[in-house]
Amino acid sequence: MSQPDRIFIKGNEAIARGALAAGAKCFFGYPITPQNDIPEFMSQAIVDAGGQFVQAESEVAAANMLLGAAACGIRSLTSSSSPGISLKQEALSYMAGSEVPGVIVNVSRGGPGLGDIGPSQADYFQSVKGGGHGDYKLLVLAPGTVQEAYDLTIKAFDLAFKYRNPVMILADAIIGQMKEPVVPWTPEHRDPNEGRTWGLVGAKDRAPRLVKSLFLEDGALAGQNLKLQAKYKRMQSEVDQELFLTDDAELIVVAFGSIGRIVKSTVRKLRAQGKKVGLVRPITLFPFPADVLLGLAKQGKRFITIEHNMGQMVEDVRLAIRTVADSDFYAQLPGTLPTPDDFEEPILKALEG
Amino acid sequence: MSMYQDAIIAGFGGQGVMLIGNLLAYAGMDAGLNVTYIPVYGPEMRGGTANCTVVVSDDVIGSPIIRSPVSLIIMNGPSLDKFQPMLQDNGILILNSSLIDPAQTEKNRVQVFAVPVNEIADSLGNTRMANMVALGAYVQATGVLPVKRVQDSLVSVISAHYSHMIPKNAEALQAGADYVVQHGRYA
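Those sequence lines, one after another, are chains B and G. Heads up: the first sequence begins at 1 in this note's numbering, then just goes up one per residue. Heads up: the second sequence begins at 354 in this note's numbering, then just goes up one per residue.
Here chain B stands alone, though its shape is the one from the complex:
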C-alpha cells in the first residue's frame, strides 16, 4: 500500500510547486499572512528553475509587474491574500482588457478590511463578479485539497494561455496552511512558442504589436467588449465540479473549496444514518456549474448552500435553479473555524424542509 512518490506539503507550497511544474518563469509578490509560504518557497525555487523572483514594493506594483510579464507572453504569477488582492484589482482589469494571461493566487482570509488572518470565503463576489472595473471575467478555480491546489495551478496556466485571460486560484487559509500528501507531476508537452504569436517579444523583421486596454477609436471599445463576451461564453466549456452521492439525494448541499471538503464529511456521516443528502462542490467558480445544478433541481431535489461567508455563492445557486427551486443558506461566520459537526443541524433542517 506504500506510495513512495507522495510528498507531504502545505497547500501554499503545492501551489508554488504546481506553478513551477507548469513552467512559470516569473513570480511577483508582497508579504501577507496566510500565503507567505508561497513567496518564501518561490524566492529560491523559481530562481533555481531559471526564472525571476521579485518581492515588490507593494501589491499594486507586483500586480503591474505581472501585467508586464504577461504582455511578453511569459508564464507568470502573483500571490497574496484578501486585502492584498483588493489592491491588485486595477491590474487585473487591465490584464483582462488587454487580454494577457497570468495566474493570481488568493489564499483568502477574513474581511472586510484587515479582518483577521484566519480562513474565509468572503472573496467569492470579488473573484467571480469582477473586483476591478469594467465588464470582465476571471477564470476562477477553487481547490478543495492540497493535491487539487497543485493540479489546478497547472491547469490555471494552461487556461490562462488558452484564453489569454487572467486566472485566479481562490484558496483559503485552510487549504494554504494545511499539509497533505501530494503526488507531484509535470505536464508532458507545452507549446514552446506560446505567447510568441501575440506577445511583446521583439519586433525584428515584423510589424510592431500593441498590447493595450485603451480603445478610443469609434466603435473599437464596443467591438472589444463583444469579443470579450464571446470569449467568456466559450469559457463555459471549462466548467468543472465534484458530484458526491447526488443521484438518489433528496437534498443537495452546494459548497466550494475547503468548506466543500469539510461538508463532505458531514454528508458521509448523515448518509450512514440513512439521510439522503448529496454534495455538489463547484471546482470552477467562473464558469459556474449552473447547468448541473439546474439539472438536479429539475429532478425535484432541494438545496442548501453552505459558505464560509455571509452569503455570496448562494446567489449564483439561486440564479441557476430559479425557474424550479430555491436554496437555503447556512453561513459559517468569518472569524470562526469550521468543523463537520457545525453543518449537521442546518443540513438536517433543510432536509426536513
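For the record, the hints were derived by calculation from the structure and aren't laboratory data. Predicted model, so just to flag it, every value in this text is computed and none were measured. Keep in mind that a hint or two might mislead.
Said to hold, decoys possible - Simulated DEER-style distance windows between Cβ atoms:
(1) G/D531 with B/A331: 45 to 51 Å
(2) G/M439 with B/V201: 39 to 45 Å
(3) G/I519 with B/L319: 55 to 61 Å
(4) B/E40 with G/M356: 31 to 37 Å
Stated by the list, open to error - Okay, the calculated bits of chain B under chain G, using three or more residues with CB under 8 Å as the criterion:
(5) 170-181
(6) 207-216
(7) 325-339
What the hints assert, rightly or not - Some chain B residues judged to face chain G by a derived CB distance under 10 Å, without partners named:
(8) K10
(9) P112
(10) L114
(11) G115
(12) V146
(13) T266
(14) R271
(15) D342
(16) K349
Idealized CB from N, CA, C, for every residue including glycine.
Start from chain B and add chain G according to the hints.
Positioned in the frame of chain B, the structure of chain G alone reads:
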C-alpha cells in the same frame, strides 16, 4: 473496520510540537494512509501556546480541523486548560507530567497517560527530545502506528544537517513507548 485517529498536539513555542505533529503525519503517509496536518499560525506563536492538529485515516479525510479530538498530547499547563475540555469522553491524553500535575486531569472522564517527558529526555542526554518521548508514549497508548514506523520516518523531518541526531531521537521515541508499557494509565 476503517481506521481513524486525530490528535491535537499543544505546548509552548519551542517545545517541538509542530515537529512531532509533522513526524506523526509523515509516519502515517509512509504507512500508506491518508493524513492531514494543520498548524496554528500568526500571533499565537509568540509566547503563548503553539498547537497543531493531525488526522490519520485509511479513508478520505474531510476536515483537517477538529473541535472534539479523540486524543491530545499536552506539553504545558495552559494547553491542558485550553484543550482538555474538548477531548472526547474516554479519549486519550498524553500529559507532560514534568511540567503539569496529573491531578489536574479529568482522569475519570478520559484516559490519562502521565509521562515525565523532560526527565526521560534528560536521562537520554538531551532535554530537547522531550517532544519525541511524548510522541513515543502517544503512539504506544493509541496504537495508531508501530513505533518502528515512526522511527523510520524521522529522516523526513530532521534535516540532513542534524541527521546524526536521528538515532537518539529514535531512542527517545522508544523510551516514551516503554514508559507507557511499564506504567500504564494514570489512575
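Hints versus structure:
no., hint, in the structure
1, G/D531 with B/A331: 45 to 51 Å, "holds, 50 Å"
2, G/M439 with B/V201: 39 to 45 Å, "violated, 58 Å"
3, G/I519 with B/L319: 55 to 61 Å, "holds, 57 Å"
4, B/E40 with G/M356: 31 to 37 Å, "holds, 34 Å"
5, 170-181, "holds (count 6)"
6, 207-216, "violated (count 0)"
7, 325-339, "holds (count 3)"
8, K10, "holds, 9 Å"
9, P112, "violated, 19 Å"
10, L114, "violated, 13 Å"
11, G115, "violated, 12 Å"
12, V146, "holds, 8 Å"
13, T266, "holds, 8 Å"
14, R271, "violated, 12 Å"
15, D342, "holds, 8 Å"
16, K349, "violated, 20 Å"
The structure is inconsistent with the numbered hints 2, 6, 9, 10, 11, 14, 16, although it conforms to all the rest.
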